[in-house]
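Position chain B relative to chain A; hints supplied.
Listed below, chain by chain, are the residues.
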Amino acid sequence: MMDSHPKPPRTPSSSRPPPGPHSGPPSVLPRGPLLPRGQGTVIVTGACGRLGKRLVRALHRERRVIGIDRRPFPDKPKDVIHEQLDIRRKKLKDVFRGERIEAVVHLGVMHDPRASAAEHHSWNVAGFQKLLEYAAHYGVPKLVVLSSANVYGPQPDNAQFLREEAPLLGGARFSEIRDLIEVDMLAQGFYWKHPDTETVILRPVHILGGVHNAASNFLRLPTIPTLLGFDPMIQLVHESDVVRAMHCALAPGKRGIYNIGGPEPLPLSHIVKILGKPSLPVPYTLGKAVLKRLWSFRLTTFPAPELDHIRFVCMVDDSRAREELDYAPACSIEQTVRSVDVDV
Amino acid sequence: MSETTRSLVRLGGRLRSVAPFARRLLDGATSGIDDWMTEKLGEEFNARLSRVPLNLTPTGVDPFGLDPQWTKYALAAVAFLHRHYFRTEVFGAEHVPKGRALLVANHSGQVPIDGALIGAALFMDVEPPRFMRAMVEKWTQTLPFVSLLFSRVGQVVGVPENAQRLLESEEALLVFPEGARGISKPFEKRYQLCDFGLGFMRLALETNTPIVPVSVIGGEEQYISVGNFDALAKMLRMPSFPILPQLLLPFGALPLPTRYRITFGEPMRFEGDPDDDDAVIEEKVYVVKATVQAMVNRGLKARKSVFF
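Going down the list, the sequences are from chains A and B. To convert, note that position 215 of the first sequence is 215 in this note's numbering; the numbers rise steadily by one, no gaps. Position in the second sequence (first residue = 1) + 1000 = this note's numbering.
Isolated chain A (complex conformation):
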């Protein structure tokens, strides 16, 4: 379809999911000039998030970028096309139908723990399924999905460095993360069902920087609460290094699941020391009870099960990404930690 010498698919095409409302071969054949691999149009979902904006800025000088997000994109680069739409809408198909898409980067995962479970699930799972359906139907040769190392979950019996084969147990103690695991699993299913598409799943550790995720928000607190008697080793990665990893993953020929670790791991107490903030050790049972109460009064953005992240280890072995993707973090651990207060 896209390649001049298409490889025979390893699975029979009859086992593929029905390709949307139009069945049969793609109704629209590639239009426009044929660009060499690695230079064609990229779709970035969730382009208006902090990470999405960074990725779009990193890519738009090299290749055509279409950003998809239902939020507005006020200061977008001129040559970037912004489709302001919900990925669950039928309109998404027009983006794929309109031109030859070479790669899809999926960042549009909803993390808001306050959103209702139904909305969360429908956005993350149903929306992603739609995206996968179109990617399969239009034979997109590259799919990059940003998952997270949190899918492994912090557990007392975790190996110090989890490999990509480790079971995804993040949902065992923290149910809100289950649809992220489902997204990861869907992408893995897609990897096997559509061997013509190079699927890359990235599982970065806690991303720090200007992003508004739980880890960055936690380290932005004026006094950092810790758990009395616990000081787990933690891995952190700067958002620009995650963008770098995604850039590596977009290179032709790369496929598979990759953990993305940042610079060296360090104990939570060293992170607090680098930030120069006071910390407040709280016994676990008290901390959990207080956090539950605060959560129910909407006084905090941290759900109580997230306390496990400052209690147990959840670290990854990223040697596969370093060898196969040629990825290496550029930010030092100090830069990475300080970025939460600097890059806002």
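Any given hint could be a false lead.
Below, computed lysine-lysine pairings styled on BS3-like, alpha-carbon distance capped at 25 Å [what the hints assert, rightly or not]:
#1 B:Lys1072 / A:Lys273
#2 A:Lys254 / A:Lys273
#3 A:Lys288 / B:Lys1138
Honestly, the hints are just simulated from the structure, not real lab data.
Here is chain B on its own, set in the frame of chain A:
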């Protein structure tokens, strides 16, 4: 949200004002301990510390969370027991290889003092000095302070991936293949090794690690167990509940000051497929078990007194 933020700021301010006092107190305490350490363990202790091969990250801990500062104080406490309480004699220290090594020892003594003393021997008597790594139960990770201490002194969670990674980074790893059965032997079964698990042999084959057999003598007499309360142990979900009459004596909770004798045997190398059948692995494990048992028997024969 702003309410909590404001109270956190206030709290932070108060903590800052307390911090200098706490720091001065801590500094005083650590310098006192340092003086005591030099007095009891000799200048040599600090010199040895600087010769331990470590693989530290720029923030001063190793990837498993070992912090040399913490390990120093933990080792000082154990080294004191090693030198002055149990007056350990160490034989065959030259047999410990410089790189990766899997130490396989007999387990004894109701409380794992044997592990700590092997660790002290590796640091005090082996050249170059090593920090011993061992594996701990998974549930210890849920205990506050315990999990922190274990991680800072280099004890890792007992999963095969961790063991493999430690050996690949050329560490010395201690295992007790007898497991919990070995430590709670009653007195009439002293120095009779229980069945060995097979995991350590698969690990050695997979990582091509020499196995150093280690015999520990003196542990079985520190707490004399006359039997096991099996029903009570089951009820309390403990591996065993030994009956120790000495606990009734004054200071009976302290182990008896027996003299420990730790012998490192010549390294044994094995070859083969780590995924072989249990029967094939068992044969190799049996060779190691027989070696350790023979070393124990020899040591017992040579011993003149339990206490001296």
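Exercise. Going through the earlier hints one by one, which of them does the structure break, listed in rising order?
Worked result: Violated hint: only 2; rest satisfied.
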